[in-house]
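Generate the whole structure from the sequences, applying the supplied hints.
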Amino acid sequence: MLNLLYMNAASDTQSPATSQETELAAVLDAFGGDVEKATSALADLAARRRQAAAPARQYGPVIITLDHVSRQYKLGHEKVGAVQDVSLEIRQGELIAITGPSGSGKSTLLNLIGGLDKPDSGTVTIDGHNLAKLWDSKLSEFRNRTIGFVFQFFYLQPFLNVRTNLAVPGMFARLSRTERASRITELAEAVGITDRLEHLPKELSGGQMQRTAIARALLNRPKIILADEPTGNVDRTNARAIMQLFAEVRERYGTTIIIVTHDAEAARTTDRTINLRDGRTT
Amino acid sequence: MLGLRDNFVLATTKLRARRLRLFITLIVSGILFAVLILTSLLTRGTVHSLQSFLQTGLLNRFLVATFEPGSYRLYEDPDFIARVDKLNTARLDAQEKEAKRLGIPFDRKTIPQAIDEIPSPDGKTIKHVNPETPVARQVIVQMTPDNALRDITAMAKPYHPTGIYESFLLGNYSPTSDNNFIPILNGKEIENKSGSYGGPGKIDAFSVFTQTLTAYDDTMLQPFVLEGSSLSSKPGDPIPIIMPTDAAEKLLGLQPLDAKATPNVRLARLADLRSKASKITFSACYRNLAATNLKNVAEQQAEEIATGSRQAGYQKPSLVYAASTSPCQATTIKSDTRTAEEKALATKQAAFDKTFGATDPVTRLIPFRVVGLVPQIGSLTEATGPEALISSFFTSSLGQGWYISRQAALADPLFASILNDPYLSISGNRGHFIEFSDRPTQKNFIDEKVCDPSVDPVECSKKHKLTAQPYGNPLATLYELKESFNTFLNYVLIGIAALSAIVMIGTIGKIIADNRKETSVFRAVGAKRHEIAQIYLLYTGILATLSFLVALVIGLGVAIYAEAAYSPGLSVQAALAFNSSDLHKTFHLITFNALDLLKILGFALVVSLVSSSVPIAHNLSRNPIKDMREE
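Going line by line, the protein sequences match chains R and Z. Using the numbering used here, you'd call the opening residue of the first sequence number 5 and step up by one each time. Using the numbering used here, you'd call the opening residue of the second sequence number 305 and step up by one each time.
A portion of the hints provided could be inaccurate.
[What the hints assert, rightly or not] In silico negatives: residues of chain R with every beta carbon more than 10 Å from chain Z: (1) 193; (2) 208; (3) 276; (4) 285.
[Claimed, not checked] Here are the simulated DMTMM-like pairs of lysine to aspartate or glutamate, each with C-alpha atoms no more than 20 Å apart in a straight line: (5) Z:461 / Z:751; (6) R:78 / Z:818; (7) Z:930 / R:190; (8) Z:821 / R:233; (9) R:122 / Z:931; (10) Z:930 / R:199; (11) Z:930 / R:33; (12) R:206 / Z:818; (13) Z:390 / Z:421; (14) Z:930 / R:233.
The hints are simulated quantities; they were obtained by calculation from the structure and are not laboratory data. Backbone N, C-alpha and C fix where the C-beta goes; we use that ideal spot for every residue, glycine too.
Structure representation (structure tokens):
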């Protein structure tokens, strides 16, 4: 159960060992008594230790390639470069955070990868498809089969129960009802919402809504999940649980997950972080 | 393509949003479409019922009536005036000569002039022929060949008429005219000397007997003959007659119904009259002009003698006629104290008059046999409410008056002499009816062969055309009503389409605008534009169908109420107005027509789909990222 995994992760932070207490005291001292900064530094350290201690992950082939991609928007009479000359490669199975301050181009980059937006220059190649060359309907088909979107505000259909909400991407993929039902059961169990399937979104907590949104994104078994601030609208505990859930999804389905986040703690749980500033990678 | 069931699931979720707005939309558009449904139900019902009622009388027949235009065209014809003038002079000369020969006084200035001289506006005088004079009549007959039937037959032939019939107005408007028919009621002649025709709205049938007594070919009268009665009669038998209901009431000694009598009471009265009509005995008195004049002289003398006898030195006339003591009594001489010289002069005068065309007085009692009833004259314009509407549109057919069989009349020498009178035949008393197999042929004939001289006399005189009109139905049959209604319905449709489109655009536009975020999410999860359009189109279709269902409930509700409230009254009124043979026939106001309902549903769908097309297209052209960001 993925739930147990993220429960354990939560309990780790609540039961520090004696050596950690000593370390905390030293770090507190180093940060002049600022508890928040000291805790953050320690978490960073722990993450690096976990990454270093973890066996080297074997990723799949490159699935996302951005080659000198730029995208400008008009703001009044001025043109603003939301994404400027960004080139990057992401492999199958990577869990990546895109971070940066507000307006740095994180969401634009995510939309370019998801085919919701088109670059002014450069090429975006996803799973071998140059998105610029896909017609609108082919692009929709591509999104439906290859990409799963998770949004900060969940965007569940308020008048559909959880089960039907989960089924929506399958409707557009023309999955049979039986196949959809089977996948919904599996995913609901995986994200821990089996007992909420017949409920309306308004009857769910924030965390349950986001887990529903993640399950919806997974219905068509996409190769890539793009999550825009997935923890932005839930509390700390749920944020951790959601990040744990992404990790589990990656483990279970080998999905490439790209998360746009402001949340440093969330970013720390990923394999790598792409930092953006003024539309450029740093 | 999104599966239908999935599409339905996604489309119906939109019905849960903006419920108040949706409710108002459904009610408003439902009312609009209910107007159409109601119109369909009522129109179909009314037309169906009318067609059912129109199976009786002449309303289901396609007739054109044409009457001899009279000789008025001749009156200003110089040739006609010259011929009358010449003949008149010759006649006066001959009369003068004969009077001289017989030794009787004769002053040509006292004779009614065949040609009057009337002052014209420019100060001159114009000659005007007096058609009542024997000379004028003689010339009119000479100059007007009686070829009406031949002309009408030739004119109608290309249209393959199913029959050409004749009618003849037997009586005359003036009591001093040639033929006078006076009805007899309760042993008294009912002579309308006052010129009053009864109370407002209704005309007393007896007062207009002589003006409306008309002989029709049997085929025209047959639809009005009561069950068990027949138009056929042998020479010497009473003449079959169809009379107004108020005349039957009087003859049966029944009190007329109160003006406020309910339709049911009136229907019961009609049923009663019909059952008793064949037992009615009715007679009228015929007098020619000579007999009428003699009767008038006798009545005047009786008055004079009654007044004069109270005056000293009053001397009774030497020849006194006996005033009638029983109905239809020929005027006889009561006392004759004339001298032998006076008698000889009178004999000479009689011989003179006979030489110059005077006829012997004829007085004859004519028994009739009642074979049918028609509504009281003027009664059909009195009703109020929906019944009046129907009645005023479809007053029956034959008209209101007194009708006898032309075939039966021709077997009687007296009637035959009137029916064959050459002057009366060409002076407007005779009419012809051309019957066609269907309305389009009737209409074609009217369009091509009929003109109205009061509208376009020049055109009428140029072309060989008839003065005629459709006969049997004042609205020129139900077909025109249908056509007019279809035109009206088209305007109603356009109006309703516009109004419902406005309502729909408002609601659908709002729902679509509300769902921009949802559209963006659907686009993100891989929905194609046409799949999203599909969802909204189905939603629109569901909305239209719901509107239609609301309309159906409203429309049916109102229609059923109207049927319950008005059908009984209308049935009675229609039976009265159409003089229906079956007095218990029902006039249904509503008739269901599945095709009409499907058309209205289709119309609702088209209107809503057209209304939604712009908001949907606008929605699909929006940038999903922008919409999500705005949210």
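Verification of the hints:
no.	hint	in the structure
1	193	21 Å, holds
2	208	17 Å, holds
3	276	25 Å, holds
4	285	21 Å, holds
5	Z:461 / Z:751	15 Å, holds
6	R:78 / Z:818	25 Å, violated
7	Z:930 / R:190	34 Å, violated
8	Z:821 / R:233	17 Å, holds
9	R:122 / Z:931	16 Å, holds
10	Z:930 / R:199	35 Å, violated
11	Z:930 / R:33	47 Å, violated
12	R:206 / Z:818	18 Å, holds
13	Z:390 / Z:421	15 Å, holds
14	Z:930 / R:233	17 Å, holds
When the structure is compared with the earlier hints, violations turn up for hints 6, 7, 10 and 11 and for no others.
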